Amino acid sequence: MTDDTRLGRRPRGRRDDGAATRLQILEVAGEVFAEKGVDRATGKEIAERAKANSAAVNYYYGGIDELYGEVLVEAHRRLVAYDVLAAVAKGEGRPEDKLRRLLGVVVKAIMGPKGSSWALRVLSREILAPSAMFHVLRERELLPKKQLLAGLVAEMLGLPADHPAVSRSCISIAAPFVVLLIGDRQVVTQMFPGLDRDEQAVDAMVEHLIRFSLGGIAAIAAAQPQG
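If you use my numbering, the sequence shown corresponds to residues 391 to 617, in order.
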């Protein structure tokens, strides 16, 4: 057995195998973190379930904490990719129409088939109990996407993107999505009847949140001092 094999490394010249192993570890880690949370997951279990060498987590990711950070980033990308949101936010049309499309993308991602994946469960755990790796998710996924939303809201309000009214409006728009993200499906539907996950219910939720958000933004804009 070579030194590379003992350390979980792939022989030189087999980069495809290494990339495949790295992706397999990430996929399995997402499932394990979704089941157990970051505190009870171990690199050994992840490597075993990924059918990789016991040192593979350290070799490919530098440790379980770094692996968890990558899982958080991948989870948010799978839920809704930045490129998709950016294409909407930076495309043509009125800001109201772009916000409508953007919110539709997010609602359907959370309430649609993606909502049953490990990605949503990992994010739900992290939001409820932020870990030491939350900063990775914040810097690489949350802040860039938040800036897209803030840009649209600022344009609709006629205010700078860093204005407190824009920040408050973004929180008001985002809050329902956080509830949908962290709420257990059965509990949410028991507490709020009619919030099923079929296509008709999802479309109704999209339309409601859009109307609610646009109405709120219009009210905030009307309340701004005229200067």
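A few of these clues could be false.
Ranges of calculated distance between the beta carbons of each label pair, as one might list FRET restraints [what the hints assert, rightly or not]:
hint, residue 1, residue 2, range
1, ALA551, ALA471, 19 to 25 Å
2, VAL569, GLU589, 30 to 36 Å
3, TYR472, THR432, 16 to 22 Å
4, ASP429, PRO615, 18 to 24 Å
5, ASP487, LYS434, 48 to 54 Å
6, PRO520, ALA409, 29 to 35 Å
7, GLY481, LYS426, 39 to 45 Å
8, ILE561, LYS426, 41 to 47 Å
9, ALA471, ALA445, 28 to 34 Å
10, VAL474, PRO554, 27 to 33 Å
It is worth saying that the hints were derived from the structure and are not from the lab.
Quick caveat: nothing in here was measured; it's all calculated off a predicted structure.
The beta carbon of each residue, even a glycine, is placed where N, CA and C say it ideally should be.
Hint check results:
Separated by about 22 Å at the C-beta atoms, ALA551 and ALA471 satisfy the suggested range of 19 to 25 Å. Checked against the hint of 30 to 36 Å, the pair VAL569 and GLU589 fails, with Cβ atoms roughly 21 Å apart. A C-beta distance of roughly 31 Å is found between TYR472 and THR432, which places it outside the suggested range of 16 to 22 Å. A beta carbon spacing of about 49 Å between ASP429 and PRO615 contradicts the range 18 to 24 Å that was offered as a hint.
A hinted range of 48 to 54 Å for the beta carbons of ASP487 and LYS434 is consistent with their spacing of about 51 Å. At about 30 Å, the CB distance of PRO520 to ALA409 agrees with the hint of 29 to 35 Å. Checked against the given bound of 39 to 45 Å, the beta carbons of GLY481 and LYS426, roughly 40 Å apart, stay inside it. Taken as a hint, the range 41 to 47 Å is violated for the pair ILE561 and LYS426, whose Cβ atoms sit roughly 31 Å apart.
At about 32 Å, the beta-carbon gap between ALA471 and ALA445 stays in the expected band of 28 to 34 Å. Under the hint 27 to 33 Å, the C-beta atoms of VAL474 and PRO554, about 29 Å apart, fit the expected range.
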